[in-house]
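Asks: The listed protein sequences derive, respectively, from chains A and B. The opening residue of the first sequence carries number 1 in this note's numbering; numbering runs sequentially from there. The opening residue of the second sequence carries number 1 in this note's numbering; numbering runs sequentially from there.
Derived from the structure by calculation, the hints contain no laboratory data. All values reported here derive from a predicted model rather than from experimental measurement. Cβ atoms here follow ideal geometry from the backbone N, Cα and C, with glycine treated the same way. You may find that some hints are simply not true.
[Claimed, not checked] Which stretches of chain A does chain B cover? Using the computed rule of at least three CB atoms under 8 Å from a CB of chain B, they are:
#, stretch
1, 11-23
2, 142-149
[Said to hold, decoys possible] Covered stretches of chain B (chain A as the covering partner; in silico rule of three or more C-beta atoms under 8 Å from a C-beta of chain A):
#, stretch
3, 6-16
4, 19-33
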Amino acid sequence: MFVNETVQKKYEQRLKDYTDAVCMREPEHLLVGVNYHTAQFAWAKASVEKCVYNSDYYVESLIPFYGAYDIDLLTIPLINPLEPIWILGRDTFFVSSDGYTVQYKEDVPMRADEYPALIEDPMGFITGTLLARKFPHLMEGHDASYHLLRAVAEAFQRHRSANAKYGAAAKDRYGILDYNGGKVYIPFDVIMDRIRGVKNTLLDIRRQPENVIQACQALMPYYLQPMNNLSQPVPHGFLTLHAPMFLSRQQFEKFYWPGMKEMIMYAYNKGSLTWVQFQGHCDHILDYFLELPKGSVIVNLEKEDPIEVKKKYGHHIAIEAGVPMGWYRSRTKGECVDLAKRICEECAPGGGFVFGIDMAGLSAGDLCEENMNAVFQVVHDYRK
Amino acid sequence: MEVKFSDLLDRLVHDEEFLGSQEERETFCLGFLHMLIEI
Chain A
1 MFVNETVQKK
11 YEQRLKDYTD
21 AVCMREPEHL
31 LVGVNYHTAQ
41 FAWAKASVEK
51 CVYNSDYYVE
61 SLIPFYGAYD
71 IDLLTIPLIN
81 PLEPIWILGR
91 DTFFVSSDGY
101 TVQYKEDVPM
111 RADEYPALIE
121 DPMGFITGTL
131 LARKFPHLME
141 GHDASYHLLR
151 AVAEAFQRHR
161 SANAKYGAAA
171 KDRYGILDYN
181 GGKVYIPFDV
191 IMDRIRGVKN
201 TLLDIRRQPE
211 NVIQACQALM
221 PYYLQPMNNL
231 SQPVPHGFLT
241 LHAPMFLSRQ
251 QFEKFYWPGM
261 KEMIMYAYNK
271 GSLTWVQFQG
281 HCDHILDYFL
291 ELPKGSVIVN
301 LEKEDPIEVK
311 KKYGHHIAIE
321 AGVPMGWYRS
331 RTKGECVDLA
341 KRICEECAPG
351 GGFVFGIDMA
361 GLSAGDLCEE
371 NMNAVFQVVH
381 DYRK
Chain B
1 MEVKFSDLLD
11 RLVHDEEFLG
21 SQEERETFCL
31 GFLHMLIEI
């Protein structure tokens, strides 16, 4: 429940403006979206461990962030389920030496010769072989293993509840919009990120390309299913591109694009959209988006020049971009504000534009409050 | 006796102390498996 009518009206206006923007219409106001992620822990000087174990502490420590940074869209600090990881004795996600930034360490549980087993029965292979390999503590005896699994499951539920509570508080107290309707995870990225690793996957596409293609196809139904609750433009699907920056154009077309197109079209045919976060250089694949229906994606740019992308593709895709994180950290306020004005003037007309950023925040150095709020003011004043 | 993960998961999904409703069972299972693949 909103704390007052003013906050409720703010939320409703943000929802309208964001929906207009991502549906390729000119909104009444330009909106600002920046993912601060674990930088928010640094801002709050909040203990990550305490946030994991106490959702009230998590909410009360982190929500005031929206009173300090004038952003419109939700940013989530506790993205990763740390408690299940700790219960299982894993270190794939860990808190860095600064006490706030959560990093990921690659894990490679599958061997190169196991693609046929993955293809034949993906969930049977994953549950019967990979999970047993990853979590030996779950294989020590049925009752003991069951109690451990149940503890992990309860921790998983707590993690989901904590983020639901956080999102609700951001909405009710500050009118912040949560636009994320669910993860869109391309099977090729699942293989590269979680099963074979970067180096092995890049070898696999050369040594056993048909197996990689078939493995992606075999995994697809299990990654389409979570998208079934998408039904409207907002909230929409949330896709981060991991592999494309490692792939040539031909490799992207052969191994990645078929699955990516299938999932984006799945969301579109359900009446929704897909937010696509570029990671690394992805300009070599931008023209593929012209194969999709107009307005089916919102592309969050990283290395690409938003003004050039708007000129070439802005008639077909919505763009989220802004002053780069590096500028906020190293340039003057005046330089950041001038760039923000130029980006707004070139990218906002015609709609299909949300003011964003190239990279998520991770640590205290990414907070840059003075420069960022000066820029956000410029964006919010645009068109007033 | 060998522990099978599928047996553990089956027991978890039917544990009414943990998942009280059919809706909870349906929304829990795949999300939980995806999480275990990702960590």
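Asks: Now tell me, hint by hint, if it's right for this structure.
Replies: Here is how each hint holds up against the structure:
1. Look at the stretch 11-23 of chain A against chain B: 0 of its residues bring a Cβ nearer than 8 Å to a Cβ of that chain, fewer than three, so the hint is violated.
2. Using a Cβ-Cβ cut-off of 8 Å, 4 residues of the stretch 142-149 of chain A lie near chain B, which meets the minimum of three, so the contact claim holds.
3. Interface restraint, the stretch 6-16 of chain B with chain A: holds (7 residues with C-beta to C-beta distance below 8 Å; minimum three).
4. Remark: the stretch 19-33 of chain B is confirmed as covered by chain A, as 5 of its residues place a Cβ nearer than 8 Å to a Cβ of that chain, reaching the required three.
Hint compliance for this structure: hint 1 is the single one not met.
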